[in-house]
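All chains should be built: construct the whole structure from the sequences, respecting the hints.
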Amino acid sequence: MPRAGFRNVRNRHSEAARPKNLDLQGEIPPLRSAQGRDDVRAGGFTLLEVLIVVILLGIVGLSFGYLYTTAQRFMIQSLNFTGTQNEASFALEHIKRNLLVATAIAQPTAGNPGTTLEFTYQLTDPANPNGAPLNRTSRYQLTGSTVEFVPNTANAGVIELVARNVSAITFERTNATTVRVNVTAQQTSGGDTRNTRLETTVTPRGVFQ
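So in my numbering, the last one in the sequence shown is 318, and the numbering has no gaps at all.
Just so you know, not all the hints are guaranteed correct.
[Claimed, not checked] Simulated DEER-style distance windows between Cβ atoms: (1) Glu-308 to Asn-221: 26 to 36 Å; (2) Thr-297 to Leu-270: 16 to 26 Å; (3) Leu-188 to Ala-219: 37 to 47 Å; (4) Ser-187 to Thr-233: 43 to 53 Å; (5) Ala-236 to Gln-295: 36 to 46 Å; (6) Thr-283 to Glu-202: 15 to 25 Å; (7) Ser-254 to Glu-308: 12 to 22 Å; (8) Thr-287 to Ser-172: 56 to 66 Å; (9) Thr-191 to Asn-261: 31 to 41 Å; (10) Ala-215 to Arg-306: 56 to 66 Å; (11) Thr-312 to Gly-174: 24 to 34 Å.
Derived from the structure by calculation, the hints contain no laboratory data. Backbone N, C-alpha and C define an ideal beta-carbon position, used for all residues, glycine too.
Here it is as structure tokens:
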């Protein structure tokens, strides 16, 4: 057989074995379903999937918002209650520090507890440091929910604020030389009310039976 005829037969055999569905670039086109749509799904999300994601994100956001609001409310309540307790502690310390130097107690009298503490103490006369000490009378009192301190009853217009949010304060003479002080502080925050009760006993150094 001539060489040219052998070459033609081989070319026809190669063309018969070549797939019919190859495009011009030699690539196989995507398969199509019976309805004529691509079996390989295009990228992206459906509207239903987007709605589901939005709803889930909304639920998660609301949950975190509720937790944040609750934590913030508890933090504010804790700060308010701690502040009230600190004020009550400061009031006791203030009373104790001044009462320790008392030389006489006018109120309350023994056996008659009250809400007023009045006592006398001595201090150096600035005009005559080497002379006799001066006697000064001071008073603690509860006005509304505020504990007030009057450093000098001779000048009652000068009043110091000691503590707020105090619902009750009691001064009691347990004997001639000892005073028991009870302070009850009340704080309402976020619909929750708490009471803090503190107590101390003071024996003035200058009071004798």
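Query raised in the report: Is the hinted range of 37 to 47 Å satisfied by the C-beta distance from Leu-188 to Ala-219?
Result: 41 Å, holds
Query raised in the report: Is 24 to 34 Å right for how far apart the beta carbons of Thr-312 and Gly-174 are?
Result: Since Thr-312 and Gly-174 have Cβ atoms about 56 Å apart, the given range 24 to 34 Å is violated.
Query raised in the report: That 56 to 66 Å hint for Thr-287 and Ser-172 (C-beta), does it hold up?
Result: 57 Å, holds
Query raised in the report: Per the hint of 36 to 46 Å, is the separation of the Cβ atoms of Ala-236 and Gln-295 within bounds?
Result: 45 Å, holds
Query raised in the report: Between Ala-215 and Arg-306, is the Cβ distance one that fits in 56 to 66 Å?
Result: Given about 26 Å between the Cβ atoms, the range is violated.
Report task. Hint says 12 to 22 Å; check whether the CB-CB distance for Ser-254 and Glu-308 agrees. Result -> 19 Å, holds
Query raised in the report: Are Thr-297 and Leu-270 spaced within 16 to 26 Å by their CB atoms?
Result: 20 Å, holds
Query raised in the report: Do the Cβ positions of Thr-191 and Asn-261 conform to the proposed distance bound of 31 to 41 Å?
Result: The hint (31 to 41 Å, Cβ to Cβ) holds, given that Thr-191 and Asn-261 are roughly 33 Å apart.
**Report entry** Hint check for Asn-221 and Glu-308 - Cβ pair distance inside 26 to 36 Å
**Finding:** Distance hint for Glu-308, Asn-221 is violated at roughly 18 Å.
Query raised in the report: Falls inside 43 to 53 Å, the C-beta gap from Ser-187 to Thr-233?
Result: 45 Å, holds
Query raised in the report: Honestly, do Thr-283 and Glu-202 meet the 15 to 25 Å range at C-beta?
Result: With a Cβ separation near 20 Å, Thr-283 and Glu-202 satisfy 15 to 25 Å, so the hint holds.
Comparing the model with each earlier hint shows violations of hints 1, 10 and 11; every other hint is respected.
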